[in-house]
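K.L.:
Using the sequences and the hints, build the whole thing.
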Amino acid sequence: MDLGQHERPQVPARARNLSPIVPRASIAGRALVAVVAIMTFLASITTGTVLLVSASAAEWQSDVASEITIQVRPAAGRDLDRDSTAAADATRGQPGILDVRPFTKDESAKLLEPWLGSGLSLDELPVPRVIVARVQPGSTLDLTGLRSRVTQVAPTASVDDHRAWIERMRSMTGATVFAGIGILALVIVATIISVSFATRGAMAANRPIVEVLHFVGAGDRYIANRFLRHFLRLGLEGGVIGGGMAMLAFGFSESIAGWFSGTPVGDQFAALLGTFSLRPSGYLALAAQTVLIAAITAWASRRTLFATLDDID
Amino acid sequence: MVRFENVGLRYGLGPEILRDLSFVIPAHSFQFLTGPSGAGKTSLLRLLFLSLRPTRGLVNLFGHDVSLLGKDEIASLRKRIGIVLQDFRLLDHMTTYENVALPFRVLGREESTYRREVIDLLKWVGLGERMDALPPILSGGEKQRAAIARAVISRPHLLLADEPTGNVDPTLGRRLLRLFIELNKSGTAVIIATHDIALMDQYEARRFVLHEGRLHIYE
Numbered sequence: 001m002d003l004g005q006h007e008r009p010q011v012p013a014r015a016r017n018l019s020p021i022v023p024r025a026s027i028a029g030r031a032l033v034a035v036v037a038i039m040t041f042l043a044s045i046t047t048g049t050v051l052l053v054s055a056s057a058a059e060w061q062s063d064v065a066s067e068i069t070i071q072v073r074p075a076a077g078r079d080l081d082r083d084s085t086a087a088a089d090a091t092r093g094q095p096g097i098l099d100v101r102p103f104t105k106d107e108s109a110k111l112l113e114p115w116l117g118s119g120l121s122l123d124e125l126p127v128p129r130v131i132v133a134r135v136q137p138g139s140t141l142d143l144t145g146l147r148s149r150v151t152q153v154a155p156t157a158s159v160d161d162h163r164a165w166i167e168r169m170r171s172m173t174g175a176t177v178f179a180g181i182g183i184l185a186l187v188i189v190a191t192i193i194s195v196s197f198a199t200r201g202a203m204a205a206n207r208p209i210v211e212v213l214h215f216v217g218a219g220d221r222y223i224a225n226r227f228l229r230h231f232l233r234l235g236l237e238g239g240v241i242g243g244g245m246a247m248l249a250f251g252f253s254e255s256i257a258g259w260f261s262g263t264p265v266g267d268q269f270a271a272l273l274g275t276f277s278l279r280p281s282g283y284l285a286l287a288a289q290t291v292l293i294a295a296i297t298a299w300a301s302r303r304t305l306f307a308t309l310d311d312i313d
Numbered sequence: 001m002v003r004f005e006n007v008g009l010r011y012g013l014g015p016e017i018l019r020d021l022s023f024v025i026p027a028h029s030f031q032f033l034t035g036p037s038g039a040g041k042t043s044l045l046r047l048l049f050l051s052l053r054p055t056r057g058l059v060n061l062f063g064h065d066v067s068l069l070g071k072d073e074i075a076s077l078r079k080r081i082g083i084v085l086q087d088f089r090l091l092d093h094m095t096t097y098e099n100v101a102l103p104f105r106v107l108g109r110e111e112s113t114y115r116r117e118v119i120d121l122l123k124w125v126g127l128g129e130r131m132d133a134l135p136p137i138l139s140g141g142e143k144q145r146a147a148i149a150r151a152v153i154s155r156p157h158l159l160l161a162d163e164p165t166g167n168v169d170p171t172l173g174r175r176l177l178r179l180f181i182e183l184n185k186s187g188t189a190v191i192i193a194t195h196d197i198a199l200m201d202q203y204e205a206r207r208f209v210l211h212e213g214r215l216h217i218y219e
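Taken in sequence, the protein lines are chains A and B.
Heads up: the first sequence is residues 1 to 313, going by our numbering.
Heads up: the second sequence is residues 1 to 219, going by our numbering.
Each hint should be verified, as a subset may be incorrect.
Think about it this way: if two alpha-carbon atoms lie no more than 20 Å apart in a straight line, the pair counts; the simulated SDA-like pairs of lysine to any residue are [claimed, not checked]:
id, chain 1, residue 1, chain 2, residue 2
1, B, LYS71, A, PRO126
2, B, LYS79, A, ARG302
3, A, LYS105, A, PRO126
4, B, LYS71, A, GLY219
5, B, LYS71, A, ARG302
6, B, LYS123, B, LEU138
7, B, LYS143, A, PRO208
8, B, LYS71, A, ASP310
9, B, LYS185, B, ARG155
10, B, LYS71, A, SER19
11, B, LYS143, A, SER19
12, A, LYS105, A, GLY93
Please keep in mind that the hints were generated in silico from the structure rather than gathered at the bench.
P.N.:
Quick look at the structure:
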């Protein structure tokens, strides 16, 4: 295009660092990073705890499910020692039983020590004898057959495969996981709402930019992408901070559990959650969750961006 | 290129501010749009720029019935239209150079492919020394020239200008008119909305006069 008769001096063209179309400072990012960080931290703590409880419960269940307990109660006219030995022998003969271990008098006294104190003489108390049998993993034990064989030789014996306890454990674990998923859902909804508000605020602050971009022919997708990269970065920043803090918390949890060991609370936690340390797969799950929350931030922002662009045009 | 048939426009439930507009703007044509304040010049420009939809009638732009266009198609058509608004609409965080180069950035072009063109145009409109200045420190006239440069840089098929010489002295006004004429000679259809009779007298062109919502055309 010839713009006129004037000689156009040749000025050396130089490379320029172009300003971003949407300036970073125009988006109130600090508050959003803090919100996303807090949400990610809460979500990660919830997920980590659910993983810990599930792992511990699975361990207890597999331990308990691989054992059966036979209890031989004392009764008038019966020789407890002889009944115990007969019940143990009957159990040994059952297919699928790997190992049978009758608890001796002293071992039974040890089991009762926390409640009755040391130096206990079982002769004076009608304390039942316990026989623990290990079941071959993967085998189906004929429990009815075992019961009848044991009660034939020791009528006061009862066989417990811990099924009721395992059922209770299963429902407790299920409730914990369900509550965890509920909390996660709430955290995600709160994140989406916060991000939508932040996006709307940013769009309102940058409305003149959006209008000018429309004037020069930019489509909604082009404009949304200019904003989206800011929100994706903010989401990742918040996610990494919150997720990182949660991972650190789980990383130090073993030491924290150590500080509390010996206290009633510490002992209860140790009994419930073992060493309170997350497995590598748990950390991977937390990292994946951090990325998921950053992605949710970007998605919520994108959704709001397009809705707001519709209003502006 | 542009065809209006019995177009009417009203805002909300208010009175019709543009009535029964019927005209054709051929490619490569040049026209002034004039009329008293409040006659609807800016509204007509906004209809032409597709930022308003008519209340009734048919608007056909570049062969497309605009009532049938989606948002993406409108954005695509706008790339063929340059617009200069009275309030300039420059982005304050970008330098004059970046503001003028914005249409190329939106098109996804590399900076090295348009740098020379932008610098040449800025020099032509007298902003060679203000390339790196931010709009808040530019005078009204400088902002207006930057807005004009941004509108013409991508050599649009249709240029719409709302009072483009309102903030500049007569000498610069003539120079800017010359820019529009050169752009028109290179193939762009130009519509300049103005009150400035002296400006219109400088160039023989079709005149659209809006009065009480109706359009009168003087060839």
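K.L.:
It remains to establish, for every hint, whether it holds in the given structure.
P.N.:
Structure-based check of all given hints:
1. Proximity of LYS71(B) to PRO126(A) is assessed by CA-CA distance (about 87 Å); at most 20 Å being required, the pair is judged violated.
2. The straight-line distance between the Cα atoms of LYS79(B) and ARG302(A) is roughly 24 Å, outside the 20 Å bound, and the hint therefore fails.
3. Between LYS105(A) and PRO126(A) the alpha-carbon distance is near 12 Å, which keeps this suggested pair within the 20 Å criterion.
4. Between LYS71(B) and GLY219(A) the CA atoms are separated by roughly 8 Å; this keeps the pair inside 20 Å, and the hint holds.
5. With a C-alpha separation of about 17 Å, the suggested pairing of LYS71(B) with ARG302(A) holds against the 20 Å cut-off.
6. At most 20 Å may separate the alpha-carbon atoms for a hinted pair to count; LYS123(B) and LEU138(B) meet this at roughly 15 Å.
7. Distance restraint check for LYS143(B) and PRO208(A): the Cα-Cα separation of roughly 16 Å lies within the 20 Å cut-off, and the hinted pair is therefore satisfied.
8. A distance of roughly 9 Å separates the Cα atoms of LYS71(B) and ASP310(A); the hinted pair therefore holds under the 20 Å criterion.
9. With a C-alpha separation of about 11 Å, the suggested pair LYS185(B) and ARG155(B) falls inside the 20 Å cut-off, and the hint holds.
10. Taken as a hint, the LYS71(B) and SER19(A) pair is broken in the structure, with Cα atoms around 27 Å apart against an allowance of 20 Å.
11. Note on LYS143(B) and SER19(A): the hinted pairing holds, with a Cα-Cα distance of about 19 Å set against a maximum of 20 Å.
12. Between LYS105(A) and GLY93(A) the CA atoms are separated by roughly 23 Å; this puts the pair beyond 20 Å, and the hint is violated.
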